[in-house]
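> Sequence:
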Amino acid sequence: YLCTDGLPIDQSPLYQGQVNANSEFIDRDPRLDAIIVQKGEQYLLEAASTDYAPDPYQPTIASATGYRVEKYVDVNGYFLDHIIMRYGEVLLNYAEAVYELNDAISDADLDLSINLLRDRVGMPDLTNAFVTGNGLNMRDEIRRERRIELAMEGARYDDLLRWKIAETELPKALEGVRFFNAEYVNTDVTSLVLTTDSVLVGEAASQRSFDPSKQYLWPIPLNQISINQNLEQNPNW
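Under our numbering, think of the first position of the sequence shown as 1, with each following residue one higher.
Bear in mind the hints are in silico, worked out from the structure with no lab data behind them. Remember, it's a predicted structure, so these values are computed and weren't measured experimentally. Built from N, CA and C at the ideal position, the CB exists for glycine as well. A portion of the hints provided could be inaccurate.
Unchecked claim - Derived lysine to aspartate or glutamate pairs resembling EDC-like cross-links, with alpha carbons at most 20 Å apart:
1. Lys214 - Asp159
2. Lys39 - Asp140
3. Lys39 - Asp188
4. Lys172 - Asp159
5. Lys71 - Asp81
6. Lys172 - Asp188
7. Lys214 - Glu169
8. Lys172 - Asp211
9. Lys214 - Asp158
10. Lys164 - Asp103
11. Lys164 - Asp211
12. Lys164 - Glu70
13. Lys39 - Asp27
14. Lys71 - Glu153
15. Lys39 - Glu183
16. Lys214 - Glu232
17. Lys71 - Asp103
18. Lys39 - Glu70
19. Lys172 - Asp125
20. Lys71 - Glu24
21. Lys71 - Glu89
22. Lys172 - Asp140
Unchecked claim - Quick list of the computed label-pair ranges, beta carbon to beta carbon:
23. Asn102 - Glu183: 43 to 51 Å
24. Glu183 - Thr132: 35 to 43 Å
25. Asn181 - Leu32: 22 to 30 Å
26. Val19 - Val189: 17 to 25 Å
27. Asn230 - Val189: 18 to 26 Å
Using the sequences provided together with the hints, build the complete structure.
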């Protein structure tokens with residue numbers, strides 16, 4: 001998530017760093033706070049807690065990363081219909097398609113797509129001048145916007161496949177919050193795995209993998225192959 005000046009955290013003077021559990025939310029894209037529950041924030045869901053340490057007695061509500069999601073949580077406790085596609089994704093699809101077709105995108109097309117999403121939350125517009133002036137990459141910024149806007153909506157895996165970077169991204173360790181011992185004095189944290197700089201490891205890299213020789217494609221169901229003998233199974237399945 002960008003800072004409110006539109007810059008990544010490693011370039012923005014606004015970034016407060018991780019000095020406590022909530023400092024990373026300061027001066028950030030408002031969608032971060034709208035998606036993730038801050039420590040101490042009221043979480044309107046029965047029997048849930050905002051304690052970032054996984055609860056061994058209620059693993060179904062534990063968070064592997066320490067971040068608890070509040071996006072699309074219904075405060076009335078009822079089920080929500082699954083969203084197949086929404087207007088925000090249409091705008092993101094347009095921006096990506098224009099850029100991939102032309103290896104460039106005009107400010108006018110950005111105003112028709114990504115900047116509509118940014119205007120909604122009060123973030124600065126994305127422009128070619130801003131990208132060039134700050135040493136950014138337009139393709140990366142378009143993809144970043146998709147990751148932010150569609151967070152927790154089930155789009156990420158397919159995006160990584162489409163961009164053919166799953167073999168790079170998926171085998172990485174799943175890391176979460178920076179853990180501050182002083183803020184969890186009454187919490188049993190003996191089972192937590194932390195990096196050398198106290199970042200919570202939800203899943204080690206040794207437990208994650210992606211096989212590029214086969215997993216960019218799904219296997220064709222065997223019953224479909226039996227129906228049509230002309231169908232060939234995808235490689236290595």
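> Against each hint, give a clear statement of whether it holds in the structure.
Each hint tested on the structure:
{"no.": "1", "hint": "Lys214 - Asp159", "in the structure": "holds (17 Å)"}
{"no.": "2", "hint": "Lys39 - Asp140", "in the structure": "violated (30 Å)"}
{"no.": "3", "hint": "Lys39 - Asp188", "in the structure": "holds (17 Å)"}
{"no.": "4", "hint": "Lys172 - Asp159", "in the structure": "holds (16 Å)"}
{"no.": "5", "hint": "Lys71 - Asp81", "in the structure": "holds (14 Å)"}
{"no.": "6", "hint": "Lys172 - Asp188", "in the structure": "violated (27 Å)"}
{"no.": "7", "hint": "Lys214 - Glu169", "in the structure": "holds (16 Å)"}
{"no.": "8", "hint": "Lys172 - Asp211", "in the structure": "holds (13 Å)"}
{"no.": "9", "hint": "Lys214 - Asp158", "in the structure": "holds (15 Å)"}
{"no.": "10", "hint": "Lys164 - Asp103", "in the structure": "holds (17 Å)"}
{"no.": "11", "hint": "Lys164 - Asp211", "in the structure": "holds (12 Å)"}
{"no.": "12", "hint": "Lys164 - Glu70", "in the structure": "violated (30 Å)"}
{"no.": "13", "hint": "Lys39 - Asp27", "in the structure": "holds (17 Å)"}
{"no.": "14", "hint": "Lys71 - Glu153", "in the structure": "holds (9 Å)"}
{"no.": "15", "hint": "Lys39 - Glu183", "in the structure": "holds (10 Å)"}
{"no.": "16", "hint": "Lys214 - Glu232", "in the structure": "holds (14 Å)"}
{"no.": "17", "hint": "Lys71 - Asp103", "in the structure": "violated (33 Å)"}
{"no.": "18", "hint": "Lys39 - Glu70", "in the structure": "holds (12 Å)"}
{"no.": "19", "hint": "Lys172 - Asp125", "in the structure": "violated (31 Å)"}
{"no.": "20", "hint": "Lys71 - Glu24", "in the structure": "holds (18 Å)"}
{"no.": "21", "hint": "Lys71 - Glu89", "in the structure": "holds (16 Å)"}
{"no.": "22", "hint": "Lys172 - Asp140", "in the structure": "holds (19 Å)"}
{"no.": "23", "hint": "Asn102 - Glu183: 43 to 51 Å", "in the structure": "holds (48 Å)"}
{"no.": "24", "hint": "Glu183 - Thr132: 35 to 43 Å", "in the structure": "holds (41 Å)"}
{"no.": "25", "hint": "Asn181 - Leu32: 22 to 30 Å", "in the structure": "holds (24 Å)"}
{"no.": "26", "hint": "Val19 - Val189: 17 to 25 Å", "in the structure": "holds (19 Å)"}
{"no.": "27", "hint": "Asn230 - Val189: 18 to 26 Å", "in the structure": "violated (57 Å)"}
The structure shown violates the earlier hints numbered 2, 6, 12, 17, 19, 27.
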